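Visitor: Chains L and F, in that order, are what the protein sequence lines are.
Residue numbering for the first sequence follows numbering that gives the first Met the number 0, beginning at 0 and increasing consecutively.
Residue numbering for the second sequence follows numbering that gives the first Met the number 0, beginning at 0 and increasing consecutively.
Treat the hints as calculated values from the structure; they're not laboratory data.
Keep in mind that this is a model prediction, so the values were computed, not measured.
Glycine included, each C-beta is placed from N, C-alpha and C at the ideal position.
Some hints could be false.
Unchecked claim - Here are the simulated distance ranges between beta carbons:
| hint | chain 1 | residue 1 | chain 2 | residue 2 | range |
| --- | --- | --- | --- | --- | --- |
| 1 | L | Ala747 | F | Gly87 | 28 to 34 Å |
| 2 | L | His734 | F | Arg84 | 54 to 60 Å |
| 3 | F | Glu71 | L | Thr744 | 17 to 23 Å |
| 4 | F | Ala69 | L | Ile719 | 22 to 28 Å |
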Amino acid sequence: MRATSLLPWIPLFPLAGFLVNGFFYLISHSKLGGKDAPKGPHGGGHGSDASGHGPAQGASAHAAHTAAQTGHGSGHGGPGGHGPIPFAALHSVVGTVSCGLSLLFALLAIGSWWGETHGHEGLVATLWTWVPMGSNPTWFGAKALSIDVAFRLDALSALMLFFVTFVGTLIHVYSVGYMGHDAGYGRYFSYLNLFMFAMLTLVLGANLPILFVGWEGVGLCSYLLIGYFWDKDFAADAGKKAFVVNRIGDLGFMLGIFGCAALFGTTDFGAMFDMASKNPAVYGAGGLMTAVAVALFVGACGKSAQIPLYVWLPDAMAGPTPVSALIHAATMVTAGVYMVARCNVFYRISHEWALKTLGEGATVWGLLTHDAAFVVAVVGCATAVVAATMGLAQTDIKKVLAYSTVSQLGYMFLGCGVLAFSGGMFHVFTHAWFKACLFLGSGSVIHALGGEQEMTKMGGLRKLIPHTFVTMFVATLAIAGVPGLAGFFSKDAILAETFAAGHPVLWFFAVLTAGMTAFYMFRLMRMTFWGTFRGTPEQLHHVHESPPSMTIPLWILAFGSLLVGWIGIPAFILGGENPFERFLEPAIPPLPPDWTPHPHHLSLGTEWGLMGASVAIAFLGIALAWRFFSGPYPFSVPERVATALPGLYRWVRDKYYVDEFYERVFVEGLGKRFGRFLWEVDARVVDGVGVNGTSWLTLQISRISSWFDLAFVDGAVNGIADTLQAGFRGYRRLHTGRTENYALTMAAGVFGAVCLWIILR
Amino acid sequence: MVPLTHYLALSLLLFILGVVGVLVRRNLLTVLMSIELMLNAANLNLIAFSRQLGDLGGQIFSVFIIAVAAGEAAIGLAILISLYRLKGSVNLDDAAEMKG
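Make the full structure from the sequences, and use the hints.
Guide: What follows is the structure, encoded as structure tokens:
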């Protein structure tokens, strides 16, 4: 079967799953009289909750615990006293199978695509024309623009397609266990399926507007799933925050799309990149390409949680943990990187134009204002460092992973920014495996502890939940950059490219981030799995390994974290080429060896040296964490640091007060003031001048009109009537109403007529 | 043979009686009877001329008039009954609705 005919089915399966799940959820929901609206944590009330959030997870996790989850969901009531979840088996089957079919069709499509083109070119399946605008090319001076609903399968989307469907299916299976006894089970699965549909539309979209449709779709699902436990204020607020912050980015993205449409007269990827790469000088001129590329990057900043729009992602942890793994770690948040990598030609042209314009004396400021790629690199690097430091002092297990995700996303953008797009995409790919594994592992830990998310209340779980421990440990080694595992290769590729691109400062901060990553991840592992248990005896008694529906996905992801790095083994180790880069070559053309701005080439010794440096700093971070977080709690070294530098410690722990700053300046200050200003405008201008003024004017006009009506129109009517009445008053008397009078008149008339006739004859 | 003038004189007399009856009487029944009188005066006139001129057309006309008079009497009496039901009297002074 041809790949193009398989493509449309891939997003359709989850869409069908969404419709079926949503339909049956609504049926059962209305029948039960609105029993969902989870009455708080279903019996997870004792999921002791020092951090002020997390009971939500406690809800599902604890319920799942009590009801010995098997996935068929024919549950007895959870502690909250809920009856069996209606259609639970159907929701599980429809949810996972629709996603699994997507995976199957994705693999089939990738297989046929490889067979047809050997990966050298993209295939486009055009379904129908969505916006047929521009039969007349001079329509309002705009260029002809026609937007198709079309899916594109090339190396880049094949990569994304594979891991999105694969990790997505695993997380659906995991969710069967994790969410098994939540009253909103059907709602959860319908949202998750809708997310898969939107994400696959995003990945497969053959032009920017279709990508944008998926982009907004995943944003919507992210909002719905962050606020999944919507009876909890923090979850509802986090959902709103994510939505609003993403809208800011989306404005930039839309400007970028408009810019592309104006520049190229098309938004189709193939056509745009073809035109741009053939005439880089034309399209780069005047900084137009830079403006478009920066606008697109603003959109990526929102979706992929980069400074200054990263604030929503840590809060997004209010959603169920599988959602954090799927949406807020593995797939959706990498959509920004995917989009930037997809538009790699733009950034390259912008970079070339900037270097040509600035000449030899290029300052940092000059680069920031001329070179979109440099902006991406700086923002990515800053995000990586800042988020990593924030992760150092978090005690909520999911928050650590959230800041780690922000930091790793920064890494990916750093890679894109130094024009190592395949390096960035490689990190997207490996990150999906180990971060999904880490999140699902943390979900398993939370599940085991009945909803506990505070690492200060964990400890010593190594022996109690061995599957979770081993899989998480593998993933931690991978993210920390231990040689041979997935994260090592992708991180090293980005570091080497950053150095090769001539940005030693960015390289230094990236290496620093790598060290911090290793440090906080091992801190997480030490606090969770080593030492002695610090929770309540009741919790200790409850601790249990998760059901197979949760551990099997963990194992698969752990194996992925162990192995997937090898597909991108650097050229200098084995010789030949980097297989991953070679695979992506059709979508991400590599820089030629004699590239004019500056050749990205490193000597063999430098490459080994850089790799040695990153390995050394990773092991340094691991060693420090191992040393600091040993012994009885509270750990002596961190405690000493915190007491020695209380201000610094609080500053880091409270995330540099960025949220408070945004709250004060943008929400309270600008936002509320602007709101008040708008209210004033509404009250005074709109209501005052507009509404009341119009009504006053209408009243005056109607007064004049009424006077005119009375004086002239009615006057004319009455005047005619009065005149006639007065004029003919005398004739009234003729009509006596007496028949004989009329008869007499008639007789007299006849008599007169006869007389007249006689006389005149 | 009775000369034509006699017939015409009688016809004139009857017609004047009818006209005066219509003009001066107040009872609708009497007025209707007076109208019949006038019609019969016209009949007499027609028949007299028919005989004088030897033309049967006049007599045919008078037969028509008798038929029309029968219809007129029927309608007139129906109006009279309706008027009585409405007003409780057949006095023409009571039926002065057309007074302007």
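Visitor: Under the constraints set out in the numbered hints, which ones does this structure not fulfil?
Guide: Structure breaks hints 2, 4.
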